[in-house]
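So the mapping is simple: the working numbering equals the position in the sequence shown, first residue as 1, plus 174.
By construction, these hints were calculated from the structure, which means they are not laboratory data. Careful: at least some of the hints might be erroneous.
Claimed, not checked - The calculated BS3-like cross-link candidates involving lysine-lysine, where the alpha carbons are at most 30 Å apart (straight line), are: (1) LYS184 to LYS210; (2) LYS210 to LYS224; (3) LYS327 to LYS419.
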Amino acid sequence: MIRIPPFLEKGQKVALVSPAGCIQPACMERGIRVAKHWGLVPEPGKHALKRYGPFAGTDQERLEDFQQAIDNPEIKAVFCTRGGYGSARIIDRIDFSALEKNPKWIVGFSDITVFHSHLQENLGIASLHAAMPQTYPDFSSPDFAAAAESLRKALFGEVLSYRFGSRFPNRPGTARAPLTGGNLSILYSQRGTPTDIDPAGKILFLEDVDEYDYHIDRMLTNLHRSGWFEHLAGLIVGTFTQVKKGANPYARDVWDMVQSYAAPYSYPVCYGFPAGHVPHNHALYMGIPAVMEVNNTSQEPSSLVFYP
Numbered sequence: 175m176i177r178i179p180p181f182l183e184k185g186q187k188v189a190l191v192s193p194a195g196c197i198q199p200a201c202m203e204r205g206i207r208v209a210k211h212w213g214l215v216p217e218p219g220k221h222a223l224k225r226y227g228p229f230a231g232t233d234q235e236r237l238e239d240f241q242q243a244i245d246n247p248e249i250k251a252v253f254c255t256r257g258g259y260g261s262a263r264i265i266d267r268i269d270f271s272a273l274e275k276n277p278k279w280i281v282g283f284s285d286i287t288v289f290h291s292h293l294q295e296n297l298g299i300a301s302l303h304a305a306m307p308q309t310y311p312d313f314s315s316p317d318f319a320a321a322a323e324s325l326r327k328a329l330f331g332e333v334l335s336y337r338f339g340s341r342f343p344n345r346p347g348t349a350r351a352p353l354t355g356g357n358l359s360i361l362y363s364q365r366g367t368p369t370d371i372d373p374a375g376k377i378l379f380l381e382d383v384d385e386y387d388y389h390i391d392r393m394l395t396n397l398h399r400s401g402w403f404e405h406l407a408g409l410i411v412g413t414f415t416q417v418k419k420g421a422n423p424y425a426r427d428v429w430d431m432v433q434s435y436a437a438p439y440s441y442p443v444c445y446g447f448p449a450g451h452v453p454h455n456h457a458l459y460m461g462i463p464a465v466m467e468v469n470n471t472s473q474e475p476s477s478l479v480f481y482p
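All chains, full assembly: derive it from the sequences and hints.
Following this line, the structure appears as structure tokens:
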């Protein structure tokens, strides 16, 4: 049974922390600006702008900011400023006892998939796969406006529903189940750890960025051999951006790879959902029940509706 954190109200405090990669001050400024625009009170982490190699400070500094954010009862949501790499280095040292007593929204994607997976599998707490300040583009961008509005709706408890098309052939059908998943590389890296997820009976969402074509197939092959694709309620393939070709280019694109592993089963599959490393990165509730209705024509868009 998933626990849903309280939805936000104007005037409440939210934390801006950097549990993974380092950021520029402009990134923090964007996060503060958006939070204030929504009537929230942003509180940047003490170490959020630090640098230690590719990280936003040492493991201890990043851990300290995240720990303080979840321990502080006045903080009602934790916005991760960016992904990159580093969340897995601190996840096992975080004391989640305060979050278990008083759940709050953890927001982010990409490397933040580590937190989404841990919250679902070990604490039974829902979270938000959504845009982060590092990925906020120009405020005049219509794509960002749509992504930001979806995050605002999710945080404030408004209806979160989508209608979307696909340039690839979907497998039609309807699925009613909680959503899980996130960044493919991170899910793959967490296999065999306490943060590994079990997607059986759920709608699995996958996305990734800047990976070689054969790396993607290697990760999907691992999931296939582990039985991940056997007992899904549904499969959503988000955006796979900046896919790189190896020295000997792979003969298949991502759609072909996924289709080959999902082919033996009958659950609905949709491709190209507008979430991932793109400006139109629409918010997704992780762990919360959703209804996915997949169609296979451009005249009949597919839909995804959450029921928190």
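Verification of the hints:
| no. | hint | in the structure |
| --- | --- | --- |
| 1 | LYS184 to LYS210 | 9 Å, holds |
| 2 | LYS210 to LYS224 | 23 Å, holds |
| 3 | LYS327 to LYS419 | 38 Å, violated |
Hint violations for this structure: number 3 only, all remaining hints satisfied.
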